[in-house]
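Since each chain comes alone in its own frame, lean on the hints to assemble the complex.
Next come the chains, spelled out residue by residue.
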Amino acid sequence: MTLERGLTWFLRAWVGVVFVFVFTPIIFSLIFSFNSQRFPTIPLGEFSTQWYETILADRDVWQAAWTSIIVAVSTSILATFLGFCTAYSDYRYNFRFKGAYLALILLPPTIPLIIMALAMLAWFSRIGASGQVWSIIAAHTVLTAPFAMAIIRLRLSQMDDNLEAAAWNLGASEWATMRHVVLPFCKPAIVSAACLCAAVSFDEFAIAWFVSGLNKTVPVVILEIVTGNIDPQVNAIGTFVFLTSMTLVVAAQLLFIARAARGMKQGAET
Amino acid sequence: MSEPLLVFDNVVKRFGDFVAVKRMNLEIGKGEFVAIMGPSGCGKTTTLRMLAGLESPSEGEIRLAGRVMNEVKPHERDTPMVWQSLALFPFLNARENVEFGLRMRGFDAATRRGKALAWLDRLGMSEFAERDIATLSGGQKQRVALARSLVTEPQILLLDEPLSALDAHLVIRMQSVLTNLQRELGITFVYVTHSQSEAFAMADRVVIMSKGEVAQVGQPKDIYRAPANRFVAEFVGRNNIITGEVKSASGGKAVIKSPSGSFAVTADVLPEPGSDATFVISADLVRLTASKPKAENVVEARLISEEFIGSVVTLFLEAADGTEFKVQVQERELATLDLKSANALWLSWPATSAHLLTER
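Chains as they are written, first to last, in my numbering: chain A, 1 to 270; chain B, 1001 to 1360.
I should point out that these hints are in silico values taken from the structure, not numbers from a laboratory.
Just so you know, these numbers come straight off a predicted model, no measurement behind them.
Relax, there's no trap hidden among the hints.
Among chain A residues calculated to face chain B with C-beta under 10 Å, some are: (1) ASP160; (2) LEU163; (3) ASN169; (4) GLY171; (5) GLU174; (6) LYS187.
By construction, the Cβ of each residue, glycine as well, lies at the ideal position given by its N, Cα and C atoms.
Chain B with its partners taken away, still in its complex shape (with noise of 0.2 Å):
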């Protein structure tokens, strides 16, 4: 079998004292769409400019195709990125810019306007050819970013948090474009961002760091029902995180024992009874009733405060001992509960929907 695409392999890279990457080990194959996600100063920008060239590894490998690419130029590599601030050539129009690759490799001006054309008119953006850039909108620009990248028919293209200066609404749009380009493609996107949103929407695979290190590795899914550690459940979504000491570990199941109550966990490790573990309990997996339900885990708490963000409400509670719990409902569901006068709220869920942390 041959070598992923891209490989890092103990990459480490230092500025002076200050350790960006700490040991990274991480393989991405052909074709796949892996998000970079995490919080600033998580070292995804310097793992994207080492793979870009901009920066060298201090020490590990780095592999493209088979390729050590640790002291390959910038130029001599064919990493194409999409940037942050865009980067367009203000003094060319849309479709210089587009040629910019292709002219530094020498192709002739034939080719070269042939095959901008078709990338800019493929990305919708033929009528702006010949618009200078000044005059484009941030949506327009992003193609012509986009364009100029993709001209050179890459292997692989970095995205450095692209959509970060867009509008909602075009962030959306963008999104499905990028997705759609990748799979028409088959290339490898590797895209940068702190929007988890953006990572889960288009991502095959995200890639979670925290502090120069890699907190997991998964799908989307994977990171948001069972985040590895404390990090990824606080950083992933509205996560209700619970520790405690396990009381019992049998049959698959385990019982937490925690300030605010006793809670079962499902889990296909369990842990030894006597030590500590940790479970979350996603917000959106709790239901919220008026009255004491029957069911296995179970806490009474009162309401502190909602935030409303659309059709989904998140509700921050807190139980007898002083911890905060949140739930996310539906908005419409929320109207049939009358919260108002409800002197007790009772928080439950099933065993099977907590997820037991099996790193620290």
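Chain A with its partners taken away, still in its complex shape (with noise of 0.2 Å):
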């Protein structure tokens, strides 16, 4: 009794230690964006928003952070899509080397980003379409369909089998069933998933670095000034980089569980 008493307090205490060695940097990087003084030298100088303000007024964060976006949204919906479609042609059909295919498909985020990141500029500057926004978007959307599709499939998974049937039963073509019945069954999921890949490719450096050329995404323009020099603009755009995917990851993560659990709920009653 004691020792399970004793093993759980550890265990609360290695959550706290591992939350605290995940968040510090983070939480230091916010105050430092605040501090006055240029180096991040404690005792901190005066409060101060004068990093903000100098990245608000260059041309360049502002260029990327617009980049950043439309990358973003448009790889969450490219990549969501890809993800259900896979995921709902796994579901619904048995057809032979289907293990392949699901394996290709979940492939890409087992590959090291750098190489991947390689890879996609060697594959993008033959066929002449290197440096564009639309080549960040493809190369995000490859490495982000698998993490949609495994959200949405474990969704349809939750889905009694003969739900569609129900639906052609009552009069439902296949359309309307998958409108009527299969996406609103998904849609939680679905969501989530549009979060997750929004928040990846918001994030993601590596392969923007590599492909992106002149039409920079935030976090390679944050390498760019950090190369250079010591400059707390940095912290600035950090903390509303990490604002941004969090909320994002929160927010596909609170849907997700609040759906899941529902599901749950509802597979014990009956």
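Written out as structure tokens, the structure reads:
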């Protein structure tokens, strides 16, 4: 009993330590972003919003933010669409080489980012498409579609096998069933997949750095600032990026967990 | 004379090498309540799925109101089904679930709402109309599923073991809901189940299936008292099945000699003397006495075990040659028999109670 309790406390403390480890740098970045001094040293200087003012005045940063948003939104739409299609084809159909098909779809996240980035760059320059906004979108779609598929596939696995047949039985054609039954059923997963893909794309640096050319995204601009000198602007941008991604990820989690919990409850009742 | 509402004409269904339904011929009339019953894997669900268009026959024809249905898509036919899992749409509330079929048929919102609410009201669900499906109990979900299937006013309703997930007391309630509905609407119900009590309690006719074949079709009483073959006799009720050689056959009565004794059986068509014959004597038609009775068919046996299931008790006895007999007696009747001290028990039944099987 005491051992068990001790273990519980140990595990709680462990989780606490992990959180501290993960969030401390981010919190410091947040604190330093409001610090008037140029160098991140303690004691702190005065409270100041000058670094935010600097980046708000910087056209390069604005441009990068705009590119990042376009890329993130497009990636999220494309990747979620592809993810849904593959998840549904897996749910609905049985065919030869299905195992290989699924493995192929889930492959991109297992490839080291730097390798993928180089490969993308090589391929895009060969077909004369490097340095375009849409080349970043294509690369990010490849990277994030598997996540979308995994999330949507999980939701589909909770669907009653007879649900589609029940819709046909009530006079719905296959397209009507897709629209009125499958999509509504998957909606929470689709929304959270879209949020997650957008978040991943918004944060992604390696591929964007290789592929983006002159259309820099926010992470690329951050790196460029950092390589030049020590500039607290980075803290300000970092805070902004962190908040955006966290919002998306948390939204995705909340949506999916709430639905999954409801699904579980329903499953337990019947 | 016009054709019955529903006709299975030499229907065969194969899945690869596996034959799920072997040459089925069956006619179901308008307003009939037909139960298709059999053990799992007998082809009953496949039969129902063919009716709904979810499978198409490999051979033969299914005709509904004279129209060949083989290639008609599920959504193009009006054969709603109540599913074993209910398959309600979890993202819609009770009323929206009921409205679904009407929505797919292009009814306007006001009509849909009116009809859906009328059906929910009819099934005693009006106060739950706007409730989330997940918050309803098993019985309530069942009613929503029924309303959803009936709202389009079909000629025929298919039911796939709809009561199998319910508690025993709810099953009885839903049985009367279903039979009343069927009578009031006058539409055909095709009800698939593995439960004998459900089938016998509700159906006008019962179709017993075994390994893809129709083993017997008839009214519940006929199937219970006069099973056509050994499979039905074993599947339905507690029957003693006795096989032996026919010693004599005359005057509407045959005498069959089995290892446990010679027994007389009445039959319309008598078997040839010298041939093998099988008859059944239902466990509830056997009399049990502590002394040798004066009766046509008598067997001495000793008690092996008993099974108590409420007001009725099933006794398992063994004759001298080792044949097992089953006897069903009322629990209160059993109290008058002193089973413990009796040295031997006697089983007896009149020749008219036994039923000779016509098929092997």
